[in-house]
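Given chain A's structure and the hints, the job is docking chain D onto it.
Protein chains in written order, with this note's numbering: chain A, 1 to 418; chain D, 1001 to 1418.
Source of the hints: derived by calculation from the structure; they are not laboratory data. Fair warning: there could be bad hints in the mix.
Here are the simulated lysine-lysine pairs, BS3-like style, with alpha carbons at most 27 Å apart [what the hints assert, rightly or not]:
#1 D:Lys1032 - A:Lys327
#2 A:Lys23 - D:Lys1247
#3 A:Lys327 - A:Lys288
#4 A:Lys327 - D:Lys1023
#5 D:Lys1385 - D:Lys1264
#6 D:Lys1023 - A:Lys247
#7 A:Lys273 - D:Lys1234
#8 A:Lys288 - D:Lys1288
#9 D:Lys1317 - D:Lys1037
#10 A:Lys317 - A:Lys78
#11 D:Lys1273 - D:Lys1236
Protein chains: 2
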Amino acid sequence: METHKQLTIGLFGFGVVGEGLYKVLQQTPSLKASIKKVCIKHSGKKRNAPETLFTTDRNEILNDPDINVVVEVIDDSKAAFDIVSTALKNGKDVVSASKKMIAENLKALLALQEQTGHSFLYESAACASIPVIRNLEEYYDNDLLHSIKAIVNGSTNFILTKMFEEKLDFKQALLLAQQQGFAESDPRLDVDGFDAVNKWTFLLTHAYGITASPENILFNGIQNIQGGDAIVAKSKDQQIKLVAQAKKLQNGKVAAFVLPQFVKQNDHLAFVKNEYNGVVIESGFADKQFFYGKGAGSFPTASAVLSDISALRYQYKYEYKKLYHHKPHELGDDFFLRVYISFDDLRFIPKEKFEWIEEWYAQEARKYLVGVISFEELKKNSWWKENNTSLILAADPLIEEVETRKLKKKSLELAGVL
Amino acid sequence: METHKQLTIGLFGFGVVGEGLYKVLQQTPSLKASIKKVCIKHSGKKRNAPETLFTTDRNEILNDPDINVVVEVIDDSKAAFDIVSTALKNGKDVVSASKKMIAENLKALLALQEQTGHSFLYESAACASIPVIRNLEEYYDNDLLHSIKAIVNGSTNFILTKMFEEKLDFKQALLLAQQQGFAESDPRLDVDGFDAVNKWTFLLTHAYGITASPENILFNGIQNIQGGDAIVAKSKDQQIKLVAQAKKLQNGKVAAFVLPQFVKQNDHLAFVKNEYNGVVIESGFADKQFFYGKGAGSFPTASAVLSDISALRYQYKYEYKKLYHHKPHELGDDFFLRVYISFDDLRFIPKEKFEWIEEWYAQEARKYLVGVISFEELKKNSWWKENNTSLILAADPLIEEVETRKLKKKSLELAGVL
Chain A
1 METHKQLTIG LFGFGVVGEG LYKVLQQTPS LKASIKKVCI KHSGKKRNAP
51 ETLFTTDRNE ILNDPDINVV VEVIDDSKAA FDIVSTALKN GKDVVSASKK
101 MIAENLKALL ALQEQTGHSF LYESAACASI PVIRNLEEYY DNDLLHSIKA
151 IVNGSTNFIL TKMFEEKLDF KQALLLAQQQ GFAESDPRLD VDGFDAVNKW
201 TFLLTHAYGI TASPENILFN GIQNIQGGDA IVAKSKDQQI KLVAQAKKLQ
251 NGKVAAFVLP QFVKQNDHLA FVKNEYNGVV IESGFADKQF FYGKGAGSFP
301 TASAVLSDIS ALRYQYKYEY KKLYHHKPHE LGDDFFLRVY ISFDDLRFIP
351 KEKFEWIEEW YAQEARKYLV GVISFEELKK NSWWKENNTS LILAADPLIE
401 EVETRKLKKK SLELAGVL
Chain D
1001 METHKQLTIG LFGFGVVGEG LYKVLQQTPS LKASIKKVCI KHSGKKRNAP
1051 ETLFTTDRNE ILNDPDINVV VEVIDDSKAA FDIVSTALKN GKDVVSASKK
1101 MIAENLKALL ALQEQTGHSF LYESAACASI PVIRNLEEYY DNDLLHSIKA
1151 IVNGSTNFIL TKMFEEKLDF KQALLLAQQQ GFAESDPRLD VDGFDAVNKW
1201 TFLLTHAYGI TASPENILFN GIQNIQGGDA IVAKSKDQQI KLVAQAKKLQ
1251 NGKVAAFVLP QFVKQNDHLA FVKNEYNGVV IESGFADKQF FYGKGAGSFP
1301 TASAVLSDIS ALRYQYKYEY KKLYHHKPHE LGDDFFLRVY ISFDDLRFIP
1351 KEKFEWIEEW YAQEARKYLV GVISFEELKK NSWWKENNTS LILAADPLIE
1401 EVETRKLKKK SLELAGVL
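Okay, chain A solo, but in the shape it has when bound (with noise of 0.2 Å):
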């Protein structure tokens, strides 16, 4: 029986999941792990610990020697980055769930878990409890990975599930869901998609290899997304998510974005409902792998961190394989989308966009179409997320081939439908 690192740790942030942790340390002796220091941005309230081990002052944790590593579990992303700069150049390992964080300062962490070669690990800043950091970077090899697709945010999923399920329009559904504590107060940060790029940042660098910013990758939230939208999902038995995914280009590059989209009711996708997160892997020989747990909440998050102390009693630090051991991949833009838009007016819809157009739906109130358009539009102009524009991937997205769309867009427009 090996002896382990003895993990004495200094912990930032005492809500739900830090103060979950201490309990769960405290009563699981066997881990090694124990608590020295909490640090906390409020003294004077009431906590379910002793009074000795609260802090309100960083250093006494960043500077003690004895503490060798820090998990940080607080809200402020600014000053997250800087106690996770601070600790890991003091020499301690580090635990993060702060997604936004680790999203916006990625090629600075990466640099630091270089310069100072200590482990900074961020399994719970996704999916929470599900394992996907860890898988990508240890089991999906770069050559085997073609694609992955995922529901990364809990909150919108709640919300697209309510309208779906309760044909609750937008509004009513947000409203549940901050009722039930799947969404901020303000909600902007999951709506909008903020969330879901920030964590689909990161992810791309463990599957890919890629360092991007969240800027650089295209990406919209659930917000123009209406009642009437849910009720042509279930006329075409599908539903609608907001689907984070990445796959591999013929040329090599790969195509990435965070948008809503139509998911067929075979996808396994279509599973994850209400606020949880799911994660579809299509590896060699084109097998698909699902993996499937709750997203959000204080368990989850503190589940995963937990996960993350305890591979540091051996020592484990991502190497970031898909980077460092190899050619990194890069971002392509050289595809077109097959794409669902409901509008109100048509005069906002630059309608000569479109390679071609498949479908035309047109009432009083509300009007759709189906078509295919390129990606590079879409990231070059923010038409589509304009003027009560509501734009939705159809299911299977994607379309590579490049060269049957003049063909098609001239037989259209012979036939005199454009």
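Here is chain D on its own, set in the frame of chain A:
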């Protein structure tokens, strides 16, 4: 960009998996893995590869110092063990898909890995392409793995699905499985539960450090399940699955068994239909993760073999952390199970062996009861699989509390029910 180990592979077996592997490795030079020699049983068959690639002499691979990786995808478990052990001793890393061979020779294979220091990977041997071994080994720490339950046999799951959804009886469903290639012509290995318990044997090693023989684990297959049982399941809004299960008991030991089980519709395993496999892991903070994918077939198997091969480029090996780095867990018998038993004749049912009985149903042709019985009783005696008796665990069958049982029994006796 680091350089990796160049893999020169000797392959045993050239069925669908072997041939598929050969093609993919040829098409993916970036994997830096090439097959130098393929050992087959019968020469002379026409094969889609150059004739010089093949040999019927295993020593042409096992004694070739150029070959540093042996991949073994053959059917004969005795020959497979011989190949694997010789290859390890001769300084080669080994990838195997032979679950029966691994289960039956687990301790010898563990010893061989320790002696030789070489890698022996077998992700494809359980749940095919679902990376369950890797996740148990790397992600779910000893102290954090509360329970694991899984559908690990695709053939039986296919048969049960058809009995349930298409109201076929067992024999009709088995025939359909054979016609569609999901069951062998001699289906006993799958149907009687041998295949499932074989897989469970080494999954328990990676989950809890348990090194038991298949014969030490209580198991049964689905051979006694009748159409009427499926109807009962349906009336309770449940399904029947062959579930492999393990759970840490309060006394620190591990309960483990492979038995048919009623599964509620909201159980993740209810989602697993036809030839698919699924794994539900309950980890720290009682959070559940679900892994899902195809459990059988040439592509899923080849996909997992390919992932193992690619991991050898990084010198990956199983550390068996739960076995060597912790005090390994032991199997425990001190618990009770809630069971459903259907039968033709009450004479064959020793009703005094039950702690208590909760439900009776009788009609002329077929009767059933639901009751609580000690695990030890099921382990010691076999009346529950004889005389056309069918035992199916109730949903959430495991009961640890033994104190209340006497009282409950008495109260039923007093009430004149027993």
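These are the hints, each one checked on the structure:
The suggested pairing of D:Lys1032 with A:Lys327 holds, with an alpha-carbon distance near 14 Å, which does not exceed 27 Å. At roughly 22 Å between alpha-carbon atoms, A:Lys23 and D:Lys1247 fall within 27 Å of each other, so this suggested pair holds. Restraint check for A:Lys327 and A:Lys288: satisfied, since their Cα atoms lie roughly 25 Å apart, inside the 27 Å limit. At most 27 Å may separate the alpha-carbon atoms for a hinted pair to count; A:Lys327 and D:Lys1023 meet this at roughly 23 Å.
Proximity of D:Lys1385 to D:Lys1264 is assessed by CA-CA distance (about 24 Å); at most 27 Å being required, the pair is judged to hold. In summary, the hint linking D:Lys1023 to A:Lys247 is supported, as the alpha carbons are separated by about 22 Å, within the 27 Å threshold. For a cut-off of 27 Å, the pair hint linking A:Lys273 to D:Lys1234 stands: about 24 Å separates their Cα positions. With a C-alpha separation of about 21 Å, the suggested pairing of A:Lys288 with D:Lys1288 holds against the 27 Å cut-off.
For the suggested pair D:Lys1317 and D:Lys1037, the alpha carbons sit about 24 Å apart, so the restraint of at most 27 Å is met. Annotation: proposed proximity of A:Lys317 to A:Lys78 holds, straight-line Cα distance about 24 Å (limit 27 Å). Among the hinted pairs, D:Lys1273 with D:Lys1236 is consistent with the structure: their alpha-carbon atoms are about 18 Å apart, no more than 27 Å.
Violated hints: none; the structure is consistent with every hint.
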